[in-house]
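Asker: Make the full structure from the sequences, and use the hints.
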Amino acid sequence: MSDKKGKLIIISGPSGVGKGAIISELFKDKSLNLAYSVSYTTRQPRNYEIPGINYFFVSKKEFQQKIKNNDFLEYTSFINNYYGTSKSYVQQLQFEGYNVILEIEADGASQVMKNYPDKKHVFSIFIMPPTFKVLEQRIRLRASESKSVIEERLTKAKEEFKLQDQYDYVVVNDVLNHAVKEVQKIIKDNINF
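So the sequence shown is residues 148 to 340, counted in our numbering.
No lab work stands behind these hints, which were simulated from the structure alone. All the pointers check out, no bait thrown in.
FRET-style restraints, in silico, Cβ to Cβ: (1) Asp321 / Phe242: 34 to 42 Å; (2) Asp336 / Lys309: 21 to 29 Å; (3) Ser171 / Val296: 17 to 25 Å; (4) Phe308 / Ile333: 15 to 23 Å.
Cβ coordinates follow ideal geometry from the N, Cα and C atoms, glycine included.
Answerer: Below, the structure is given as structure tokens:
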């Protein structure tokens, strides 16, 4: 517990750019005092998912009540389910002194940047691939999705690239450990001023 309020760190970028890998490495640096923002969803948990770790699983009725209570920094509906970031959850972690990582897509990131009440305690980082072709190769090599879903992700990535100017920082993930070091430096510069 700290008497210094933590920061909200928005990390965004297209699917396949390596946000998860970068964040995984960041959590190894205990000096950053990071906490991960767990999202709310109305979808059913998958076998391997742990409530409160992967998501807070709630009913549509509970989610809609949270919307009415203005408790989301951002939310969206996707394939008949809601997903959202709780304002009270994030702020509680910040008041406990944690720097909260919010890994989120560009639409949600722009909602958070618009709606976050405390501008001096939030900053955003957009992760870019070195080239679109590299991103396409990474997504195709995962071989975990159908061709149509891959095409959808690539189309969305092109749209997201156009939004990078809305972010405080842009980091190119060409070599993972270089990108991690760059993001670490950005975080340290922001949490220590």
